[in-house]
Amino acid sequence: MKVKICSTAFNPWQEIQAYQTSLAAAAKFGATSIFIGTMRDYNEGDAVQSMTLDYYPGMTEKQLEKIIADAEQRWKIIDAYIVHRVGEIRPDDTIVLVAVWASHRGDAFDACRFIMEALKSTAPFWKKELLESGQTRWVEKNTDGYQKT
Amino acid sequence: MSIKVRYFASLGAQVGRSESELAFTKTMTVRDVWQLDAIEKPIPDNVLAAINMEYADLDVQVQDGDEVAFFPPVTGG
Chain C
1 MKVKICSTAF
11 NPWQEIQAYQ
21 TSLAAAAKFG
31 ATSIFIGTMR
41 DYNEGDAVQS
51 MTLDYYPGMT
61 EKQLEKIIAD
71 AEQRWKIIDA
81 YIVHRVGEIR
91 PDDTIVLVAV
101 WASHRGDAFD
111 ACRFIMEALK
121 STAPFWKKEL
131 LESGQTRWVE
141 KNTDGYQKT
Chain W
1 MSIKVRYFAS
11 LGAQVGRSES
21 ELAFTKTMTV
31 RDVWQLDAIE
41 KPIPDNVLAA
51 INMEYADLDV
61 QVQDGDEVAF
71 FPPVTGG
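Chains as they are written, first to last, in this note's numbering: chain C, 1 to 149; chain W, 1 to 77.
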């Protein structure tokens, strides 16, 4: 298990490949589930120019490790890897990567979803948006994950 | 006895600083810390708190040397 906080842009596909290559459990996992979160150029009906992601060094890493440990208690997973961006972010940049390796797809899918939802609701990160209008604002809450209709 | 108090994200701007040292002589909860340190600012309804980098309820007592943090709902991912 590993968590990583990145203050510069990262390529999620290279991260997955490098981490998977380092896994001692090669040929033991039959399922890999991945979530990649990317910055949109709009939010709440406004065009967004960039965003600054703040975090609580020390607690954030600790909380991410706890989330993976909780997932390991609930599902049979072989390994999990979280990478999260901080600092100034631009539209199309990757914000977060969650990857889970397991023997079977059910555990991989469910643990990946659980980790992502727990990260969204408990990991200490805060977004501040710079709108196209020049105005800045803190994002006050995360959405439930579905587009409003 | 003293503790370190930290404020993150929008709370830093609301309170006017991101951290401070708070000296105290009698037992005190996390809620008391806010009331003593963030003078005149009512504690936000949705505030989250941590002691030594672990989530804590507002009614938990703090100890000498603790780091107490306050922050708004998280918005990562």
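Warning: the hint list may mix true and false statements.
Each computed DMTMM-like pair below joins lysine to aspartate or glutamate, with the alpha-carbon atoms no more than 25 Å apart [what the hints assert, rightly or not]: (1) C:141 x C:88; (2) C:62 x W:40; (3) C:141 x W:54; (4) C:128 x W:45; (5) C:62 x W:54; (6) W:4 x C:54.
These stretches of chain C come out as covered by chain W in the derived footprint (C-beta under 8 Å, 3 or more residues) [as the list claims (entries may be wrong)]: (7) 50 to 59; (8) 114 to 120; (9) 125 to 132; (10) 136 to 149.
Chain W residues, not near chain C, derived (Cβ > 12 Å throughout) [stated by the list, open to error]: (11) 15; (12) 20; (13) 52; (14) 53; (15) 59; (16) 64; (17) 67.
No wet-lab data here; the hints were simulated from the structure.
Small disclaimer: the values here were computed from a predicted structure and weren't measured.
Glycine is no exception: its CB is placed at the ideal position from the N, C-alpha and C atoms.
Do the hints match the structure? See the list:
1. C:141 x C:88: Between residue 141 (chain C) and residue 88 (chain C) the Cα gap is close to 19 Å, so the pair holds against 25 Å.
2. C:62 x W:40: violated (32 Å)
3. C:141 x W:54: holds (20 Å)
4. C:128 x W:45: holds (20 Å)
5. C:62 x W:54: holds (8 Å)
6. W:4 x C:54: Within the cut-off at roughly 19 Å; holds.
7. 50 to 59: holds (count 6)
8. 114 to 120: holds (count 3)
9. 125 to 132: As far as the stretch 125 to 132 of chain C goes, the hint holds, because 4 residues have Cβ atoms under 8 Å from chain W.
10. 136 to 149: holds (count 5)
11. 15: Fine: 14 Å to the nearest Cβ keeps residue 15 (chain W) off the interface.
12. 20: holds (16 Å)
13. 52: violated (9 Å)
14. 53: violated (4 Å)
15. 59: holds (19 Å)
16. 64: It holds; residue 64 (chain W) is separated from chain C by about 20 Å at its closest Cβ, greater than 12 Å.
17. 67: Given that some Cβ of chain C is not farther than 12 Å from that of residue 67 (chain W), nearest at about 9 Å, it is violated.
Hint check: violations occur at hints 2, 13, 14 and 17; the rest are consistent with the structure.
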